[in-house]
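Student: Listed below, chain by chain, are the residues.
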Amino acid sequence: MKFPRRRTLPLVLAHAAAAGVLAATSCDSSVASFAVQRTTETEQDAQQLDKPVLPNGDAMRGETLYAAKCGACHSIDQNRIGPKHRGVFGRNVGGVDDYEYSAALSDADLVWDDASLDEWLRAPTKMFPGTRMGFAVGDDQERADIIAYLQSVSD
Amino acid sequence: MENGINAAAVPTENETMSRRGILSAGGAALSAAGALALAGAAAPAMAQAARGDAANDVNLLNAARALEFEGIAAYQIALDSGLLPPNAVGFATLYQSHHEQHNEELEKAIKRLGGEAVGPKTSAQYVQQLEADKLKTFEDILRLALRLERGAASAYLGLIEPLKNTDLHLLVARLAADEAAHAATFMIDLASPISAKTPLF
Numbered sequence: 001m002k003f004p005r006r007r008t009l010p011l012v013l014a015h016a017a018a019a020g021v022l023a024a025t026s027c028d029s030s031v032a033s034f035a036v037q038r039t040t041e042t043e044q045d046a047q048q049l050d051k052p053v054l055p056n057g058d059a060m061r062g063e064t065l066y067a068a069k070c071g072a073c074h075s076i077d078q079n080r081i082g083p084k085h086r087g088v089f090g091r092n093v094g095g096v097d098d099y100e101y102s103a104a105l106s107d108a109d110l111v112w113d114d115a116s117l118d119e120w121l122r123a124p125t126k127m128f129p130g131t132r133m134g135f136a137v138g139d140d141q142e143r144a145d146i147i148a149y150l151q152s153v154s155d
Numbered sequence: 001m002e003n004g005i006n007a008a009a010v011p012t013e014n015e016t017m018s019r020r021g022i023l024s025a026g027g028a029a030l031s032a033a034g035a036l037a038l039a040g041a042a043a044p045a046m047a048q049a050a051r052g053d054a055a056n057d058v059n060l061l062n063a064a065r066a067l068e069f070e071g072i073a074a075y076q077i078a079l080d081s082g083l084l085p086p087n088a089v090g091f092a093t094l095y096q097s098h099h100e101q102h103n104e105e106l107e108k109a110i111k112r113l114g115g116e117a118v119g120p121k122t123s124a125q126y127v128q129q130l131e132a133d134k135l136k137t138f139e140d141i142l143r144l145a146l147r148l149e150r151g152a153a154s155a156y157l158g159l160i161e162p163l164k165n166t167d168l169h170l171l172v173a174r175l176a177a178d179e180a181a182h183a184a185t186f187m188i189d190l191a192s193p194i195s196a197k198t199p200l201f
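Line by line, the protein sequences give chains W and S.
The numbering used here puts the first residue of the first sequence at 1, with every later residue one more than the last.
The numbering used here puts the first residue of the second sequence at 1, with every later residue one more than the last.
In silico DSS-like cross-links for lysine-lysine, where the CA-CA straight-line distance does not exceed 25 Å:
1. S/LYS121 / S/LYS108
2. S/LYS134 / W/LYS84
3. W/LYS84 / W/LYS126
4. W/LYS126 / S/LYS111
5. S/LYS164 / W/LYS126
6. S/LYS121 / S/LYS136
7. S/LYS108 / S/LYS164
8. W/LYS84 / S/LYS136
9. W/LYS84 / S/LYS121
10. S/LYS111 / S/LYS164
11. S/LYS134 / S/LYS121
12. S/LYS121 / S/LYS111
Stretch by stretch, here's where chain S covers chain W in the computed footprint (C-beta under 8 Å, at least three residues):
13. 71 to 80
14. 131 to 144
I should point out that these hints are in silico values taken from the structure, not numbers from a laboratory.
We put the beta carbon where it would ideally sit given N, CA and C, even for glycine.
Please model the complete structure; the sequences and the hints are all you need to start from.
Tutor: Structural data, given as structure tokens:
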């Protein structure tokens, strides 16, 4: 499956958003142009593959969503209830060495990318029955934003 | 955190028989012996599916246990910090005991499913994973408490859909409400803005 690669937003901007500071004008405009470009690529892909694809992700919104929805169990740099997430995009499923995964994840042979993270966040227990993570994100835009954020802490 | 009954390979879809029927047959029908007996009986596929569901639910409930243990440890870190004013000590102790009660409820539910409940990590591990060295003021502690309680409310709501045994739905909804009540008190303490739009969690 072919997905356009996301561009990473500068982390400093993402942090401003998480602190509840409204995005500066320069940030808004960079996101806007970024979004336009991605829409075009995404539409082409959708035509070529005739399949639904994720909407454009916004890493700044993703960071806020991550704090609210994933922060109970995950941190970027600490293993907690779930594994740490820095570097997760592009890494093997179950790939954090010092975290003890369920067999469902440690036996998996797959890399986390747009498509696999999308499938996971839609319904983790359907993708890997037996996993200890049940939390799903039903909204397409929210999933895209969270995945963009995970990528921004992985590049 | 392994619980020894990971049933990742057991298909959970495609069930042809009421799970409740099997689960309620004597309560502990899914203890190892019961599950084996069922698997060897006339309808092994059905028994296997129900056993797979129960094992999957146990894994989800054990993640909730891990979350509660972290919460209990967070309150202990707060209590030991010397940063709490006297009235906050009362709240921290009370809320910590709520989380202990949650874990007792979760343990009972896990045992009913024939599973094994996970225990806590060491306190040193919680100090590290919560980055407790960064907590310098009472407000830092309130912010951590709000973040964890709010996240826990959302996490419990997220368990309703994937849990296959419907008897567990009320349990996790009640636990979510407790976490939301805790979070609300911290929102008031921090004068944290309350969203105009619902749902709040």
